[in-house]
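Participant: Take a look at the letters that make up each chain.
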Amino acid sequence: MTADAEAEQIVLDPATDRAAGAPLLTVQNLRVSFGTAEVVKGISFTTRVGRCIGIVGESGSGKSVTARTLVGLTGPNSQVQADKIDLRGVDLTRQSQRSWRAIRGREIGFILQDALASLDQLRRVGDEVAEPLKVHRWGNKEARQRRAVELLASVGVPEPEVKARQRPYELSGGLRQRALIASAIALDPKLIVADEPTTALDVTIQAQVLDLLAESKALGTSIILISHDLSVVARLADEVVVMRAGEVVEHGPAQQVLQQPRHEYTQALLDAVPSEHTRGTRLARPPHGGNVVPLRRARTRAGRDRPLLEARNITQVFRGPDKVDRTVVDDVSFQLFAGETLGIVGESGSGKTTSARIALSLLQPTAGEVLLRGQPWSALPAPQRRPLRRQIGVIYQDPLSSFDPRWAVGRIITDALSRGSKPPSSRAEARTRAIRLLEQVGLGEQHLASSPLHLSGGQRQRVAIARALAPEPAVIVCDEPVSALDVSIQAQVLDLFTDLQDELGVSYLFISHDLGVIHHMSDRILVMKDGRVVESGTADEVFERPRDPYTQRLLTALPRLAQV
Amino acid sequence: MSATAVYPARSPARVRAARLRVRPGTAIAFLVVALVVAAVIAPGLLTSRSPYTINLEHTLMSPSLSHPFGTDDAGRDLYTRVIYGARESLGIGLGATGLAMAIAILLGFVAGLAGGIVDTLITRILEVAFAFPVLLLALLLIAIRGPSVGTEIVAVGIGSAPGYARMVRGQVMHVRQAPYIEAAAALGHSRWSVIRRHLFPNAMRPLVAVITLGIGQSIVWASALAFLGLGVAPPSPEWGALLDSGRLYITTSWWLEIFPGLVIVLVALSVTSLGRTLQHQLEGASR
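Heads up: the protein sequence lines correspond to chains A and B, in order.
So that you can map any letter, position 118 of the first sequence is 117 in numbering that gives the first Met the number 0, and since no number is skipped, the others follow by simple counting.
So that you can map any letter, position 127 of the second sequence is 126 in numbering that gives the first Met the number 0, and since no number is skipped, the others follow by simple counting.
In short, the hints are calculated from the structure, not lab data.
The model shown is predicted, which means the values in this text are computed figures rather than measured ones.
Be a bit skeptical, because a hint or two may be false.
Here are some of the chain B residues that sit facing chain A, going by a computed Cβ distance under 8 Å [claimed, not checked]:
hint, residue
1, ALA177
2, TYR179
3, ALA184
4, ALA185
5, GLY187
6, PRO200
7, ASN201
A partial selection of chain B residues facing chain A, derived with a Cβ cut-off under 10 Å [as the list claims (entries may be wrong)]:
hint, residue
8, ARG175
9, PRO178
10, ILE180
11, GLU181
12, ALA182
13, ALA183
14, ARG190
15, HIS197
16, ARG204
17, VAL207
18, THR211
Here are some chain A residues the structure puts well away from chain B; computed CB gaps all over 12 Å [said to hold, decoys possible]:
hint, residue
19, HIS262
20, GLN396
21, SER417
22, GLU438
Each residue gets a CB set at the ideal place from its N, CA and C atoms; glycine is no exception.
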């Protein structure tokens, strides 16, 4: 058979049933390996017309590889085996690269997580959206451009004619993701494979993208939604497959899997999701098994009258390269008391990270000031501030880049110890204290000589926490400290934060875009938008009786597990 | 039931073999550099003759077993002269690169750390210097100071400094943005301590390979100057000087040009090759 004949053959029989619920793609015993490492170990599922199947799992579960298999993009070092991958009578295990090109875009649309990396930066958005039309020789150039604008409009891009002429970097993250979806649905594929389509997006944009996929579903498209986020899957999926280490641990109707999971791994995953229900409880299962143990968290607030850290009307104005001043932080005030957690939540560009850097006095505010223990802090000259820095630590989202790449864990910790008020007097003492700190964060002596490069994401963040604790600070500023972690690792790290607070009485200025994390961790909350504080109050006040319309919108947009 | 392999996989054994194998080019380069180092430290180990002994009975003899590179117009053994020339040639290469790096580090760090008007000023000066041919600059210096090893080092060093300075500045600008620099400041380390402990070593790390590359380049520059009669004066066996003195006999005695020329090319290539290998190793080791 020639390649052309093969390509011809994949045109599906139009007479086949498109009624909702009819099987579309059947995968049986799919196995994918790279060299000797098998990453997908025999999984099976069937997608149906007008239905969504959600595949959830953590890093390394094989969910993304599974998605790539379905579009023939697993790469040259992979071995794909399956008893059957059948798309309405077409055997996908037997396609050449050439015939895959005929399938991709027309029969199966593919949406990736990172729209900025998936769109060609140098081409106009309209051309990118029209690309599948061009590849499949749909219409002429003008017709394709018109169709691209229609598609952009249909995915809710405002001013589609203008946006079609712009380039991807000129669009916001949400608009780029929508352009990518427009491109994926351009030829009205029967199946959309969406791999973490909303992971990089703010919660309000995420809600819009999920609504868009739900519309496609209602029109009869079958969707495979791959996500680490159970609440995202809960919003769209009819059926859920839970994967771990290449195997399916649970597979069933969404409602059953998410509400009465049969497998304990699924249960552990669900328990690990922080939300309003989990406050004061432990997210991660104790290693020896057993029930959820409530944390102590019986806090006494001594010294309520004098805040440890106080921001008074801080404002930050940056002058852009276009000589236009932009106010990134606008008249923000807050107080952080001993032993409590103040959460700052907001979407990207809300000024939360800039506020954190001002609180740390790593950035001088344009106006306003920060006080530490009631004394001037941001207003001090740098040399006088330096000895006080031990009182306020910092933890970043990406721990690895916050470590000198030449340094091993031991050196990172001992360096931080030397900045404390009682620096170790000998090498032996430094070592003992470093080991004690590592043990406190759940690591041990064996990690002293490791390079952070060879640690896992969770271990790296534990090292960062140990470093922050080393000078015995009263306050730790945590800037998105768990955003890069898998949900079960996130649960362990959040538990660690809570335990350390109970043990040491340290205060956290806790910054996150994740409302669930913020609700779980915070005693009091600030909601920021466009550099301003739009709402503040105790966690329960903000979450249960939000006064500001923006907060209300955020909470509505938040996908919840209970929605199923 | 058929299980179909859609893509062939590269066997892990082959992947491992590829990782372990030392490229033969690297091995040869290492050998050449080792020989040159031996020639610099103890030339007497590689030859029993003296580079300056004139023997007028054996002038311009073609290569043979007793004179592998032949003899020159004064009957001196060319092989011996090449061996003894290594010290001066390599000395010029190292000295010039060292001087270039010293200037580059100074200007690059000042520009990269100060920013603003200082940065603009230094960058502009570097751009002008960069546009100025190294050889022309060297000629100018030699015209003022007269030819000598010292002048050659200064000339080649100053000439190649702007290129390095731009790289150093770029590295400094890049590394100073790194979150670990801010993390160190947040721990209360002083600005100087952060520069010394984090910024300098991390900014210089990728430049180690570039420095190695520069040594080979400097040897070639120095030879070019000597060939023009502007380097070390005869009867020094410096490689460029050998080329210069052989120039008169090129039609009758080819070996006078070919062997020193080959040695220069081989050494420059080997040092460059080792530099590249080092560069790959360092890049592989960083993330």
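Participant: With a cut-off of 8 Å on the beta carbons, see whether GLY187 of chain B makes it to chain A.
Facilitator: The hint holds - GLY187 of chain B has a Cβ within 8 Å of chain A, the shortest such distance being about 3 Å.
Participant: So, ILE180 of chain B near chain A? Judge it on the closest CB pair being under 10 Å.
Facilitator: holds (9 Å)
Participant: When the nearest CB of chain A is found for ALA182 of chain B, is that gap smaller than 10 Å?
Facilitator: holds (4 Å)
Participant: Closest CB-CB distance from GLN396 of chain A to chain B, is it above 12 Å?
Facilitator: violated (9 Å)
Participant: Holds or violated: is the Cβ of THR211 of chain B closer than 10 Å to a Cβ in chain A?
Facilitator: violated (19 Å)
Participant: Have a go at the HIS197 of chain B hint: is there a Cβ in chain A nearer than 10 Å to its own Cβ?
Facilitator: OK, holds: HIS197 of chain B within 10 Å of chain A, min 5 Å.
Participant: Hint validation: ALA183 of chain B versus chain A, beta carbon distance must be below 10 Å. Holds or violated?
Facilitator: Because about 8 Å separates ALA183 of chain B from the closest Cβ in chain A, which is inside the 10 Å limit, the hint holds.
Participant: Closer than 8 Å between Cβ atoms is the bar; does ALA177 of chain B clear it against chain A? Give me holds or violated.
Facilitator: This interface hint holds because 7 Å falls under the 8 Å limit.
Participant: Answer holds if the nearest beta-carbon of chain A is closer than 10 Å to that of ARG204 of chain B; otherwise answer violated.
Facilitator: With Cβ-Cβ at 8 Å, under 10 Å, it holds.
Participant: So, ARG190 of chain B near chain A? Judge it on the closest CB pair being under 10 Å.
Facilitator: holds (8 Å)
Participant: Is the shortest C-beta separation between ALA185 of chain B and chain A less than 8 Å?
Facilitator: Given a least distance of 5 Å, the restraint on ALA185 of chain B holds.
Participant: Just to be careful: measuring from the Cβ of PRO178 of chain B to every Cβ in chain A, is the smallest value less than 10 Å?
Facilitator: holds (4 Å)
Hint compliance for this structure: hints 8, 17, 18, 20 and 21 are not met, and every other hint is.
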